[in-house]
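S.K.: Okay, here's what each chain looks like letter by letter:
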Amino acid sequence: MSALPTTARGGPEPTEDVDDFRARARSWAAANLRPADRRHLEVSIKTKRDEEEELAEIASERQLQRRLYDAGFAGVCVPQSYGGQGLTPGHQRALNEAFEGYEFPVWFQVPTLSPCMAVILEFGTEEQKQRHIPAILRGEELWMQLLSEPSGGSDVAGALTSAVRDGDSWILNGSKVWTTGAWWSDWGMCLARTNWEVPKHRGLTVFMLPLRQPGVEIHRIEMLNGNREFCQEFFTDVVVPDSDRIGEVDDGWTVGVRWMFHERMLYDSPLVTFPLGVVRSVGATSLTDLARAVGNQDDPRVRDLIGEARMLDVVAHKLQERIGSGMRSGAISEPAAAIPRLFQGVSTSRLQTIAFDIAGAAGAAWTEDDGAAAGRGIDFLTRQVSQIGGGTTEMARNVISERLLGMPRERSVDRDVPFREVPRGPSSRPDGREPSEQRPRPGPGPPAGRHG
Amino acid sequence: MLFDLTADQEFLRETTARFLVDQVPPSRLRALRNDPVGYDPDYWRRGAELGWTSLLVADRHGGGSISGQALVDATLLAHEFGRHAAPGPMLPCNLVAGALSATPSEPGIALLDGLLRGTAVAGWCFAEGHVAGHLPGGLTTEIHIDGAEAVVEGVKRPVESAASASHLLVTGRTGSGLTQVLVPADAPGLSVTPMRSLDLTRRFCSVTFEQVRVPVSAVLGPPGGAGAHVADQLRQGLVLLCAESVGAIQAGFDMTSEWAFDRYSFGRPLASYQALKHRFADMKTSLEAAHGITDAAAAAVADDADEADELVSVAKAFVGEYGAEVLHDCVQLHGGIGVTFEHDLHLFLRRLTLDRALLGTPADHRLRIADLLEKREAA
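Residue numbers (my numbering), protein chains in the order written: chain C, 1 to 452; chain R, 453 to 831.
Extracted from the complex, chain C is given alone in its bound form:
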């Protein structure tokens, strides 16, 4: 984590100690923030939402982020020269404690602050940082990561979106997918292929581009539960100035590796605000409500399921703490971030199954009178989202076994040959209009279990 801003860079030494900072944040929150509503307390995949409602929510989140900025609580670990506070991860943790129980800008955290802002901080030029980081912290720029493609979600380095040099600019063509809320976002960070004649990891470059511009077409994807937050973008001759390139030409994988590291960190990143008490999945607390609504709360089988659900929730949390602290102290290496990601993915699926089992038939066929049990089966239908979004659990298992346990890597046929010669299969076309083998990437207000 050497490149993470563990202390202020370019700013003065932290002047306010953690306890004072926490106390100041607490009293500010009490005077200025509303109590958290369900949206702030339980971050899980949303079903169909009203479009205007969603836009209003985003607008109010921008204002909330601005108020945090004005009060000196935005960008705690970002250097002061870029509009941040120049403080430490300890201060960020204190802020997470101080904001417990209050509203916070859910949609601003991931992927805007991390991984997008994290990547700009790490690889951006001074001009790029000055242009975007203060604007992000003020709530003026919402970012999306343009990483996954219809041709493959896990094989990120196999990107087919192409960028061709044209004088001082680049011309982008191709398609990206699984961006949450791209239709109301401002900027995208995009991994594109700039060289087809070299092995796949050596011909990639990272760009940033405004999402509302000619040549960028955004389609919303309807998920099987009616959710329409995910989008697919189509790029047709989109012009990107070379000054909006991040990192070196053809060296995008260097950026990409760190990008995906920040992606796995998700809410554990010191750049992200995530108040204590926010559960990232269907919690056991809501299961007790559910059981009461169904009337089976005294059934020992149901109590066993509730006990199991609560166990998984608590263990997931403590595992995250263990791995996070081990990584901070250097006791374990970065690939260990895949461990809590795998646990959370699998356990969240299990929690959805438990919820559906408690709900019984009313989870599958219901009326409005069925209360908390109504439609719980919908979450069961999308249960695997937690094992797909943000990198599949299969990829996490590869990372753990190969990079943490040192087991031999899978044989690869695409490493040492020009990318142009890598077999791509009949279903994969550069225009990307036939999605296959896809994975959603984290967007803001993420679906259940998306963190690593």
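Each hint should be verified, as a subset may be incorrect.
[Said to hold, decoys possible] Okay, the calculated beta carbon distance ranges per label pair: (1) ALA683/R <-> SER333/C: 37 to 43 Å; (2) VAL473/R <-> SER329/C: 24 to 30 Å; (3) GLY589/R <-> HIS219/C: 55 to 61 Å; (4) ASP756/R <-> ASP250/C: 57 to 63 Å; (5) ASP242/C <-> ASP714/R: 49 to 55 Å; (6) ARG409/C <-> GLY581/R: 50 to 56 Å; (7) SER412/C <-> PRO646/R: 58 to 64 Å; (8) SER412/C <-> ASP714/R: 23 to 29 Å; (9) THR660/R <-> PRO300/C: 30 to 36 Å; (10) SER519/R <-> ARG66/C: 44 to 50 Å; (11) PRO300/C <-> ALA683/R: 22 to 28 Å; (12) PRO721/R <-> GLY277/C: 44 to 50 Å; (13) ASP298/C <-> PRO721/R: 48 to 54 Å; (14) PRO588/R <-> SER333/C: 39 to 45 Å.
[Unchecked claim] A short list of chain C residues far from chain R (calculated; beta carbon distances all over 12 Å): (15) ASP20; (16) ARG22; (17) ALA59; (18) GLU126; (19) ASN173; (20) ARG212; (21) GLU421.
[As the list claims (entries may be wrong)] Computed, partial: chain C to chain R, Cβ under 7 Å: (22) ARG303; (23) ARG310; (24) LEU319; (25) SER329; (26) ALA331; (27) ILE339; (28) LEU342; (29) ARG397; (30) MET407.
Keep in mind that the hints were calculated from the coordinates and are not lab data.
Beta carbons are placed, not taken as given, at the ideal position from N, Cα and C, and that holds for glycine.
With chain C fixed as given, assemble chain R onto it according to the hints.
M.R.: Quick look at chain R alone, frame taken from chain C:
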């Protein structure tokens, strides 16, 4: 086990580990298989010199924590016991020593000296071997006060090391409250029946109390007023069982990882097959989760935190269930050799399986978690 230990903690862990490697290698554990006591008294006495029985005892009674979190220190000991499937009455001696120090009495302090030096052994008569017999509320053994004597009536099982113990700490009920009394193992009316157990070296008995009478001075604290102390001992016992289990899982996992690199099939190491690599990733995840929840529970109990009871039950439910899956996976990955007596893997599987069943099964603790959750929500 924590990633970052203090120098003193690491010293305790390291000296314990080296002593165990030297004194009780697997060959020695196998040799103790039919030994009625399960360990050599001199081994236990020398272990006590390393601090094995002192960690939960107050400074003024000759013990002392090395980090300020006594139970966390004790988990390091338990972890190494699990990692080496070590013999000896680690669990009962520590719990009873802690109890005698927490509620000092004349006979208690006398016994404590022997426990600290490793020359005496004690047993804790708590569980009653029936449904809910692992929870204080489910105990049926009665301790009533008759003039200057306390009278114990009931059956306790399984009681670890009861056959080698000079004294037994009995937890029973007095009216609606709980009482703990220290009973000499040779008291009239007390009978000890050895049981068989899964573990090669740990010994358990069924202990029957028929109108066993001891002076009231042997009662720890006021009769009927031991509830909080019993809850403490139970929390400590559960944490130590989990820590020991995590040590056993770690040993099995390490052994199996090494095997996966060394063993070749079809011209490739087992570790090169994705189907097996993914199982290792799942095992590693369960192992780390078991470490994380056990350390969290230990810290919460040591700090007397509000969530201690819940974390302890979560740890016991998780470690027993997921740990057993990991070790059975280790067996599977070893193939036939993994189910032989000759291979060491079963030493750890036995240890974990025994610990999984003591002081409440995973299913028992899942129900307790649901109860605690409901209680908290109602509050």
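S.K.: For every hint, state whether the structure bears it out.
M.R.: Each hint, compared with the structure:
1. ALA683/R <-> SER333/C: 37 to 43 Å: holds (40 Å)
2. VAL473/R <-> SER329/C: 24 to 30 Å: At 27 Å between Cβs, range holds.
3. GLY589/R <-> HIS219/C: 55 to 61 Å: holds (60 Å)
4. ASP756/R <-> ASP250/C: 57 to 63 Å: Once the Cβ atoms are compared, 58 Å apart, the range 57 to 63 Å for ASP250/C and ASP756/R holds.
5. ASP242/C <-> ASP714/R: 49 to 55 Å: Distance hint for ASP242/C, ASP714/R holds at roughly 53 Å.
6. ARG409/C <-> GLY581/R: 50 to 56 Å: Given a distance of about 51 Å, which is inside 50 to 56 Å, the answer is holds.
7. SER412/C <-> PRO646/R: 58 to 64 Å: Holds: the Cβ-Cβ distance is about 59 Å, inside 58 to 64 Å.
8. SER412/C <-> ASP714/R: 23 to 29 Å: Between SER412/C and ASP714/R, where Cβ atoms are some 25 Å apart, the hint holds.
9. THR660/R <-> PRO300/C: 30 to 36 Å: Taking Cβ atoms as reference, THR660/R and PRO300/C lie about 31 Å apart, which means the hint holds.
10. SER519/R <-> ARG66/C: 44 to 50 Å: holds (46 Å)
11. PRO300/C <-> ALA683/R: 22 to 28 Å: holds (23 Å)
12. PRO721/R <-> GLY277/C: 44 to 50 Å: holds (46 Å)
13. ASP298/C <-> PRO721/R: 48 to 54 Å: For ASP298/C and PRO721/R the Cβ distance comes to about 52 Å; the hint holds.
14. PRO588/R <-> SER333/C: 39 to 45 Å: holds (44 Å)
15. ASP20: Holds, since 24 Å exceeds 12 Å.
16. ARG22: holds (19 Å)
17. ALA59: holds (35 Å)
18. GLU126: For GLU126/C, whose nearest Cβ neighbour in chain R is about 37 Å away, the distance exceeds 12 Å, so it holds.
19. ASN173: Label holds. Min Cβ-Cβ 35 Å, cutoff 12 Å.
20. ARG212: holds (41 Å)
21. GLU421: Correct as stated: the minimum Cβ-Cβ distance to chain R is 24 Å, above 12 Å.
22. ARG303: holds (4 Å)
23. ARG310: For ARG310/C, the interface hint holds, since the closest Cβ of chain R sits about 5 Å away, which is under 7 Å.
24. LEU319: Constraint on LEU319/C satisfied, holds at 4 Å.
25. SER329: holds (6 Å)
26. ALA331: holds (4 Å)
27. ILE339: holds (5 Å)
28. LEU342: Hint on LEU342/C: holds, closest Cβ of chain R at ~5 Å, below 7 Å.
29. ARG397: This interface hint holds because 4 Å falls under the 7 Å limit.
30. MET407: holds (4 Å)
The earlier numbered hints are all upheld by this structure, with none contradicted.
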